[in-house]
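Enquirer: Read off the chains here:
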Amino acid sequence: MIDFHTHTPAWKSATWLAGATFGAREFVAFMDSAGIDAAVVLSHDGLFDPTPEANDEVAAFVAEYPDRMVAFGTVSPRQSTAVAEVERCFAGLGMRGLKLHPWLQGFSLHERSLDPICEVVAGAGGILLSHDGTPPYSTPLQIAALARRHPRLPVVLGHGGLHDCWREALAATVETPNLYLCICGTPPYAARRILAEAPPGKVMFGTDAGLSDKASQDYAVARVREIDGWGITPAQKHSMLVEAPKALLSGWLS
Amino acid sequence: MIIDAHVRLGQGREVTLVADQLLATMDELGIDKALVAPDERCTAYDNQEGNAAVCQAALASGGRLLAYAVANPWRGRRAVEELARARDAGAVALAVDPVLQGFDVLDGLLDPLLAYAGEQDWFVYIRTGTPPTALPLPVATLARRYPELRFFMGKSGATDFWIDAAPALRHAPNLWADTAYAPWDTVLSEFARDPEIGTRRCAFSTDAPYTVPRAELARVLEWSTISAEQRADVLSGSVVRLLGPHAPSTWS
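Line by line, the protein sequences give chains A and B.
Just so it is clear: in the first sequence, position 183 is 183 by the working numbering, and no numbers are missing.
Just so it is clear: in the second sequence, position 50 is 50 by the working numbering, and no numbers are missing.
Just so you know, not all the hints are guaranteed correct.
Said to hold, decoys possible - Simulated coverage check for chain B against chain A, where a stretch passes if three residues somewhere in it have a Cβ under 8 Å from a Cβ of chain A:
#1 127-133
#2 154-160
#3 174-185
#4 237-249
Unchecked claim - Derived DEER-like restraints, expressed as beta-carbon distance ranges:
#5 B:84 x A:151: 53 to 61 Å
#6 A:171 x B:252: 41 to 49 Å
#7 A:119 x B:228: 54 to 62 Å
#8 A:108 x B:104: 24 to 32 Å
#9 A:49 x B:60: 52 to 60 Å
#10 A:110 x B:27: 46 to 54 Å
#11 A:145 x B:14: 25 to 33 Å
#12 A:13 x B:88: 53 to 61 Å
#13 B:249 x A:200: 48 to 56 Å
#14 A:63 x B:46: 55 to 63 Å
#15 B:194 x A:119: 40 to 48 Å
#16 B:194 x A:21: 17 to 25 Å
#17 B:41 x A:200: 30 to 38 Å
#18 A:29 x B:14: 30 to 38 Å
These are computed hints drawn from the structure, not numbers from a lab.
Even glycine gets a Cβ: it sits at the ideal position worked out from N, Cα and C.
Please work from the sequences and hints to get the whole structure.
Expert: What follows is the structure, encoded as structure tokens:
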């Protein structure tokens, strides 16, 4: 089982989320407790302050368990150093993707400063994952528009549209070949419909682990446990948890 | 005592829940009582059909279910007449959904319905979330205009407007929080530890049939940073306070 949406602790940022501090060993213990074999790990500090240091810290966190975790970096796309930092994330830090959080980081997905960044990610064979489900800067079809500008780049809706944009997220995923969807905080009835109607192999699952005020990430464990109550088929579950994320990560995880 | 403060009965766009199915799930999970609201279509359009259905379900439940009334506020005077019909059939609270019913909580359309709720001493469920017309803080401002009424903030702004839920609750002391969808370790704990809010203004709901009710209940039962007394508040005390004089003696 692959968890496609997790976070490191917020080591430096004071956020509205309580946030426990934990190390990689504790995080892998959480993964074991939830039956998660591997996880995509995103920055937490970097969502609020996307610095090179934040990327260094995610890379160091993941490096302790390279067979269990892959790291995605983050940048503020308007910074003049953004393209170089994305190049460093892939070539220097061994990252596999880029995470953007447009409403926290304060930019529109239609801004052209994203284009050279996306070209670097696509050139490195990486993945772009964006927060979605929240107007005004993170609606699924805004992200789909970016995906259409970069058809070689796999783009993942990080939250499957959440509560109020999930139908839009599903429609965007159906009509955009290089757009994928991660069910993460999406309500169960929406998850069931998404899995029934999305193209095969385009739906993953994420817990958003890392934001808890306990290192054991109890809410994330509960989210995994909840899947059995969604009313999905074993084949849909296997595709979401294993086949689709594994195919998208294309051999980066054993 | 475990009371589910909000469930929708009927046929939604992606979901279905009938009374027998709800009662069986309640039996399985140990949920004693529930408040039931009409489905999406009947909330938006055919209010009379929806109110009749949930009031009938409540009547047939042997005291386990109580009914919310709905009326689209665009119907004006006829909306109030529909609420009166629902009251006569046994409804004990008002449920509104700004998204399904197409209004802004601050546009004034709701005023006649709130006046009626005040006359009946009903509490008012308002479904909140990400849409600009259904955000927690405007709901708090509305609640402050009606200090004599008790408001229940359905979904507590799930998900990204969870950040506004606690400020809304602080702003309006007559506003209650909903546990549905909210993790205890990132959202609910803030309500519990803030003396201005507390578990006495936090009510458990499953929001069935959109959720996995077992998971919704488990989150409250496994909420480890609250006392037994506080958990009892969340599971039943808060909704009993919301119901006020309409809480049957068997619900306490």
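Enquirer: So which of the earlier hints does this model not fit?
Expert: Hint 4 contradicted; others consistent.
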